[in-house]
Amino acid sequence: MTQRKGLADLFDAIELVDASKVELVVLGSLAAPLSFYTDQVKFTYEPTRSHDKVLELMRTCDVFCLPSIVEGRALVIQEAMSQGLPIIITPNTGAEDLVIDEETGFLVPIRNPDAIADKINWFLANRNRIFQMGKKAKQLADTYSWDSYANKICTVLSSSEN
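Residues 55 to 216 in this note's numbering are what the sequence shown spells out, letter by letter.
Calculated from the structure, these hints are not laboratory results. Fair warning: this is a prediction, and the values are worked out from it, not measured in the lab. One or more hints might be untrue.
Here are the simulated DSS-like cross-link-like pairs (lysine-lysine), alpha carbons at most 25 Å apart as the crow flies [said to hold, decoys possible]: (1) K189 - K206; (2) K192 - K206; (3) K190 - K107; (4) K189 - K107; (5) K107 - K96; (6) K206 - K190; (7) K75 - K189; (8) K96 - K75; (9) K192 - K107.
Restraint-style ranges between C-beta atoms, simulated for each label pair [to be verified]: (10) D93 - A204: 42 to 52 Å; (11) D106 - K189: 18 to 28 Å; (12) A86 - V210: 45 to 55 Å.
For each residue, glycine too, the CB sits at the ideal point set by N, CA and C.
Construct the entire structure; sequences and hints are all you get.
This is how it looks when you write it as structure tokens:
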């Protein structure tokens, strides 16, 4: 849990929305004592756990948000989408190709708590869209599976033989 992941921006965004309608769940290893984070904003902390348990936790959530400042290709985004979660991410997550605006989620600028809060508020105002967006997110994530990748490779190889 570091600022590299945009955690401070997410905390600031949570302060801008109606906290009675949002539960922020943060999962990961701590870079500072837990009190450092909980002094900033109210949230539920979930410690690191097995991959299966991470996916299980994701399935209890409505939306996945990763407002990273610096990141490679954050596979956790595809994992969240594979569990039916629409996303709020920054271009710096390396996953811009996964965002279809208002269909699989939203792309927000880095270091912009207002934009993050705006999208959280959008989900609050459009709760009836979350399930359908999650379904679309899962469909898109499924196209990035190892099986899908293997099929594409086989297709390319067989077409090159002709």
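Next on the checklist: Output the indices of the hints that this structure fails to meet, ascending.
Outcome noted: Failing hints: none at all.
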